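All chains should be modelled from the sequences, with the hints used to inform the complete structure.
There are 2 protein chains.
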Amino acid sequence: MPESAHHALILLIVFGSAKFLAELFERIRVPGMVGEIFAGLLIGPAVLGWIQPAPFLESLSELGVMFLLFRVGLEVKPAELFGVGKTAMLVAVGGVVLPFLSGWGLMRLFGATQLDGIFMGAALVATSVGITAQVLASRGLLWHKSSQTILGAAVIDDVLGLLVLAVVSGAAKGPLNYGQLATTAFMALFFVAIVGYYGTRAVDALAPAQTKLRIVESEFSVAMVLLFGLSLAAIYVGVAAIVGAFLAGMALSPSAGQRLRDLSSGATELLVPFFLAGIGLKVQVEGLKDPGCLLLCGALLVAAILSKLVGCGICAVGNEMRDRVRIGVGMIPRGEVGMVVAQLGLSMGVLSQIHYAILVAVCVGTTVVAPPLLAIAYRGVEAKGSAAEYPALH
Amino acid sequence: MPESAHHALILLIVFGSAKFLAELFERIRVPGMVGEIFAGLLIGPAVLGWIQPAPFLESLSELGVMFLLFRVGLEVKPAELFGVGKTAMLVAVGGVVLPFLSGWGLMRLFGATQLDGIFMGAALVATSVGITAQVLASRGLLWHKSSQTILGAAVIDDVLGLLVLAVVSGAAKGPLNYGQLATTAFMALFFVAIVGYYGTRAVDALAPAQTKLRIVESEFSVAMVLLFGLSLAAIYVGVAAIVGAFLAGMALSPSAGQRLRDLSSGATELLVPFFLAGIGLKVQVEGLKDPGCLLLCGALLVAAILSKLVGCGICAVGNEMRDRVRIGVGMIPRGEVGMVVAQLGLSMGVLSQIHYAILVAVCVGTTVVAPPLLAIAYRGVEAKGSAAEYPALH
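Quick mapping for you: the protein sequence lines, in order, are chains A and B.
In this text, residue positions in the first sequence follow the working numbering: the first is 1, and each later residue adds one.
In this text, residue positions in the second sequence follow the working numbering: the first is 1001, and each later residue adds one.
Since the hints were derived computationally from the structure, they do not count as laboratory data.
27 Å max Cα-Cα, derived DSS-like pairs, lysine-lysine:
1. Lys1384(B) / Lys1145(B)
2. Lys1384(B) / Lys1077(B)
3. Lys1145(B) / Lys1086(B)
4. Lys1384(B) / Lys212(A)
5. Lys384(A) / Lys1212(B)
6. Lys145(A) / Lys384(A)
Away from chain A, derived, C-beta distances all over 10 Å, residues of chain B:
7. Gly1083
8. Lys1086
9. Trp1104
10. Gly1105
11. Gly1179
12. Thr1184
13. Tyr1198
14. Ala1256
15. Val1283
16. Gln1284
17. Pro1291
18. Gly1298
19. Val1325
20. Ser1347
21. Lys1384
Values in this document were obtained by computation on a predicted structure and should not be read as measured data.
Where is the CB? At the ideal position from N, CA and C, for every residue including glycine.
Laid out in structure tokens, this is it:
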């Protein structure tokens, strides 16, 4: 089979099965995006084995989550996000301590080594803003104050998670270099703060120049350059590319026209199913059939859910009980950063293959429970902005 | 540098430089897409060497040309295309004989072997519908009867080009299997005819089912499944994926809503620069500095241009002179199929490295001269459908 046929087949199977299961899940009132993750599980090594994780899919998945965060950023007004800034900061910190301790403690309880426990704890720290944002956006809930708090906290959490990762991987390699660590922390927080705060003004200042461009769809072209540029800058300062993508969207959000939103939605709609199915593709179930592993997996999943719910809920000062629950639930899903920690632990020889499989399963588990829980937590909240206007799957 | 940083850097450099040169070229009144090809030439191995052809870029380029043809198909009404069917068929056949003979003859004149000459001739047969479609669409000229003829002829030409390739590569391997060849030819033509003719009816018949879907953006999702499915089917019957992509767009064209057009435009706008810059990336200039090679290259380029212009123009029966010139010019660009022939010839040891480089340069050359020539040929023709409505670069 020629390479091009192979790619076309992958596109068809992954996209087609994701949408097919999304439709099935919607019909039994489960968010469609859970169906898309299950599609990856179904067609991947875990069940049918039709599709294996491959560089081609990984590229599309990477672009997908980048566009997802960009498109979410486009819906977030910087002023509103800064209005909940202090609470978001507290929530993010609250979501680091408890998950880390519970992951580490459980692993130690099950007889794992100190370093093994520390890696598991670190992997449970970072919230996957992508999943939560997808659910909130597709349900028209991004306008709600608690949603803004979740998004802000999740972005800060991503930064904190990568710092924890830096500490942990440093510790695994040998004695820590505190000076270098402080530099990394400072650079990351500085980048987020500066771009978040001044991004919109910079975009506004450059707007007159953009209107003078003669290329067709110049607004979209300039937006893409900003998206790719800030994603790259984010990686260089030590945070994930998606943080830069989110900041690019947010910087453009006050000035973005409908055409930019439509075109970005097109790229997002095409690519996001590859991100979601890609999560399911990474789950390996062979090792998980052992009862002891299943127990550890279940215990870690419960700990991962409760630790964020309680840790973030408690720290969401100035919110009433209902909003504390919403914020806590919104912080549950773990994703990209957790996977990065897992892969690093595996490649460093700290995490065993079986603990790696458990960790991936727990990350996917938190991702799968979040959308239905969010739907329950936000019951009765009015949806604003039609779903068709936002480029997402329920 | 981590993998993700590498990808973000590639995205930024390729997309950014493509749009930058497109803007520069527009300002000196050269179509922007020529600038995007030159951007690939500039950042690629030919000049600066910043970016090398790589699987990641190749994937995006492949998706880009698929979406380009899909988006073009969306603008083509099947009834109008079938209205020019007979002329298109004649034009396509006319565009096979003369280019093949001139490519083969020139190579023999310059002392190449028989097989070498046959490969060069075969490589000059197939018109790249992508480039012409891009120019016609971005200038709002798709409605014109000559444009419809060009598109129809280019699609048939793609099929014929792949048949010539099958003959040639069969001849290089040993005695020809005429039975297998006839089967391939029949399958390919049958596929194009059936999907082209019944595609729209099938889509219309399925439309009521689509409206019952509960997933968000269901029209886009169904369209993508059709796009990937027909692209795959096209490869299986022996033609290029882009032929399937074009047929998918055309099948949807009468019923497609504005939302589907907008979302497809977004994916197209994102991906097409990678296709265009990818053409430039593939040019290697080292071998071309020798005067003899430069002469052969120039002679082949002139022959490639004139043979299509004359061969197709003569066969465009029932058109007045002006339209014959337009059709002839529209058939000039060679692209994907020519590159496929070149790569195959190289890997079979039939084409030398230097003849490979010459062939790629000639393909790119025909691609670069076509947009300005088309702009001249269509001078005075009214543009219909705003450029902003169509997802293309001038």
